[in-house]
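S.K.: Each residue of the sequence shown is one higher than the last, beginning at 1 in the working numbering.
Simulated from the structure, these hints should not be mistaken for laboratory data. Keep in mind that a hint or two might mislead.
Stated by the list, open to error - Restraint ranges, calculated between C-beta atoms of paired labels, are given here:
1) Ala-17 <-> His-101: 47 to 55 Å
2) Ala-17 <-> Lys-98: 44 to 52 Å
3) Gly-74 <-> Leu-3: 30 to 38 Å
4) Arg-142 <-> Gly-14: 26 to 34 Å
5) Leu-58 <-> Asp-131: 15 to 23 Å
6) Met-163 <-> Asn-45: 27 to 35 Å
7) Leu-36 <-> Glu-164: 17 to 25 Å
8) Leu-3 <-> Asp-54: 19 to 27 Å
9) Val-72 <-> His-101: 47 to 55 Å
10) Leu-113 <-> Leu-3: 15 to 23 Å
11) Val-153 <-> Ile-5: 21 to 29 Å
12) Glu-136 <-> Met-19: 40 to 48 Å
13) Val-161 <-> Val-29: 18 to 26 Å
14) His-109 <-> Leu-36: 16 to 24 Å
As the list claims (entries may be wrong) - Straight-line alpha carbon distances no greater than 27 Å define the calculated BS3-like cross-link-like pairs of lysine-lysine that follow:
15) Lys-38 <-> Lys-23
16) Lys-112 <-> Lys-143
17) Lys-38 <-> Lys-15
Note that the coordinates shown come from a computational prediction; the quantities given were computed from them, not determined experimentally. Ideal placement from N, C-alpha and C gives every residue a C-beta, glycine not left out.
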Amino acid sequence: MALTIASYMIWLGGKAASMEQAKPPVEEVIASGQALFKFREFIANQGGNPAIVDDYSLLPQTQNEREIRSDVAGYVTGITATDIGYAAMHLGAGRQTKEDHLDYAAGIHLTKLVGDPVQPGDVLCVLKYNDRNPEESALLARKAFQIGAVPPVRTDYILDVVME
């Protein structure tokens with residue numbers, strides 16, 4: 001998705017005559033490491049530690065993890081984003097009210113995505129949390145995953161582009 005959006009920016013900015021011509025420069029900037037260098041600059045300019053790009057252990061870490069496992073075989077046919085979002089919020093990764101405290105380490109790692117095959121016992125996602133009770137989040141996260149017998153038809157991330 002980022003490659004497509006960056007290519008559109010180059011093309012619409014007049015730096016390429018077509019989308020086909022705009023894509024190779026973007027791929028080159030990524031392959032050469034220039035994009036990662038610029039990302040480090042963005043972090044540093046905002047007062048952050050650019051070393052986190054190379055060492056994720058410098059980011060806040062949680063004390064607890066809970067794996068959410070499949071109880072059936074099949075394919076992930078859908079993941080309800082609202083359920084994942086509320087599950088993350090209850091772990092501290094989001095706010096229900098503006099006064100709520102954010103836990104910057106908390107969140108959910110999706111280990112299976114739409115279209116992936118699953119077997120009973122496979123980890124669908126991992127809840128990462130500190131001082132919150134994960135029970136409600138576990139129920140929401142498990143409910144979020146729809147598993148069916150037939151793999152879903154894959155769709156493009158970008159369905160259409162509106163140009164005016």
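S.K.: Confirm or reject each hint.
M.R.: Consistency of the hints with the structure:
no.: 1; hint: Ala-17 <-> His-101: 47 to 55 Å; verdict: 51 Å, holds
no.: 2; hint: Ala-17 <-> Lys-98: 44 to 52 Å; verdict: 48 Å, holds
no.: 3; hint: Gly-74 <-> Leu-3: 30 to 38 Å; verdict: 31 Å, holds
no.: 4; hint: Arg-142 <-> Gly-14: 26 to 34 Å; verdict: 49 Å, violated
no.: 5; hint: Leu-58 <-> Asp-131: 15 to 23 Å; verdict: 21 Å, holds
no.: 6; hint: Met-163 <-> Asn-45: 27 to 35 Å; verdict: 32 Å, holds
no.: 7; hint: Leu-36 <-> Glu-164: 17 to 25 Å; verdict: 34 Å, violated
no.: 8; hint: Leu-3 <-> Asp-54: 19 to 27 Å; verdict: 22 Å, holds
no.: 9; hint: Val-72 <-> His-101: 47 to 55 Å; verdict: 37 Å, violated
no.: 10; hint: Leu-113 <-> Leu-3: 15 to 23 Å; verdict: 18 Å, holds
no.: 11; hint: Val-153 <-> Ile-5: 21 to 29 Å; verdict: 24 Å, holds
no.: 12; hint: Glu-136 <-> Met-19: 40 to 48 Å; verdict: 45 Å, holds
no.: 13; hint: Val-161 <-> Val-29: 18 to 26 Å; verdict: 21 Å, holds
no.: 14; hint: His-109 <-> Leu-36: 16 to 24 Å; verdict: 22 Å, holds
no.: 15; hint: Lys-38 <-> Lys-23; verdict: 18 Å, holds
no.: 16; hint: Lys-112 <-> Lys-143; verdict: 14 Å, holds
no.: 17; hint: Lys-38 <-> Lys-15; verdict: 19 Å, holds
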